[in-house]
Amino acid sequence: MQVEGAALARLAASYARGSDDRDDLFQDIAAAIWRALPRFRGECSERTFLFRIAHNRGIAHIARRRPPTIELGEDLDLRDERPDPEQSLSIEQERQHLLDAILKLPLGYRQVVTLALEGMSYAEIGDVLGIAESNAGARLTRARQMLRTWLKGASHGI
Amino acid sequence: MESDPELNTWRRQWQTTEVIPPDLRHRVERETRSLRRQRYASIAVTAIMGGGAGGWALVSQRPIAVALAIGVWFFIAIAWAVSHSLTRDILTPSADTTTAFLDLSIRRCRRQLQGLVAQGLLYVCIAAFDLVWGYHYQNEAQPIDPRAFLTSGRMLVIWAALAVPIAIGVWYRSRRRNELKNLLSLRRQLDESER
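Residue numbers (the working numbering), protein chains in the order written: chain L, 1 to 158; chain D, 1001 to 1195.
Hint data in this document are derived by calculation from the structure and do not stem from the laboratory. Among the hints, erroneous ones may be present.
[To be verified] Result set (SDA-like, lysine to any residue): computed pairs, CA atoms no more than 20 Å apart in a straight line: (1) LYS104(L) x ARG1111(D); (2) LYS104(L) x ARG1011(D); (3) LYS104(L) x GLU133(L); (4) LYS152(L) x ASP1004(D); (5) LYS152(L) x LEU1007(D); (6) LYS1181(D) x PRO1005(D); (7) LYS1181(D) x VAL1082(D).
Predicted, not measured: the structure shown is a model, and the values here were computed from it.
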């Protein structure tokens, strides 16, 4: 938990928007991991085990809160409404755009992207989510196409 | 995936996304609420004490009441000036980052310690003023020797009561100093991990 704390907090941020909501989910994940640890039999890596629990809690959280998500192909408005006279994005804004775009991905894509961004391989992603390695790769490719389009739009302020 | 520049850029951005620890965020929010409550309490004290003393002076027009009103408003003005200078820049964090939240907590802790010193000085001055005023008020009704006034039964109760805020202040100061020590240690750890 100590090692993966930051990654799990980022994962919580990909499921919950507001800071309170995010904190609640993070606490929920931590509690679920604590309860599940005695059941860990070493059938997969500890990291896979932790992320699997965290994603399950994230899905349960979404089911409770029903945040707005969009369907494939739907246009996104990722304009930055903060004052930005030179139309250039700061590092912080870029991070925020990335998080906003990830939050708007369909759930199946969002999960794959967040795990890939934590440095997991297709095999590990497949392990965490219970999907085939090839499926993980395909989802990531489609998710990246969407992110690319949205982030390009955001950086041009359209 | 390792040699993918686009994914690596996003990965860098994603992995440097700061998520403020819930405990720290809650602490800052709790302190902000407390600062607001203190501000409302100060307004209430100003209205009640200042209004009461001023009203009494206007109605009675006695020199002793006027002296009290002047004294009360003098101390209120000092208290507001000190409070204003101590609560400057400590209401909101400068950014939505762990460092900014931690810096705000450290700043608040330091200001509270400075505030405690200012409150202590003000407390002594107000207590001295009250004693002098109380003696004159008493003396006006019935002449009394200063020594007899200071050692009267009622004054002994007041002396004992005066010690309570001092004891609370000493306890609060030591608590705040420990908190500041912990916060500074956290800040050092954060600096070291960023290096």
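Hints, verified against the model:
{"no.": "1", "hint": "LYS104(L) x ARG1111(D)", "result": "violated, 42 Å"}
{"no.": "2", "hint": "LYS104(L) x ARG1011(D)", "result": "holds, 17 Å"}
{"no.": "3", "hint": "LYS104(L) x GLU133(L)", "result": "violated, 23 Å"}
{"no.": "4", "hint": "LYS152(L) x ASP1004(D)", "result": "holds, 18 Å"}
{"no.": "5", "hint": "LYS152(L) x LEU1007(D)", "result": "holds, 14 Å"}
{"no.": "6", "hint": "LYS1181(D) x PRO1005(D)", "result": "violated, 43 Å"}
{"no.": "7", "hint": "LYS1181(D) x VAL1082(D)", "result": "violated, 24 Å"}
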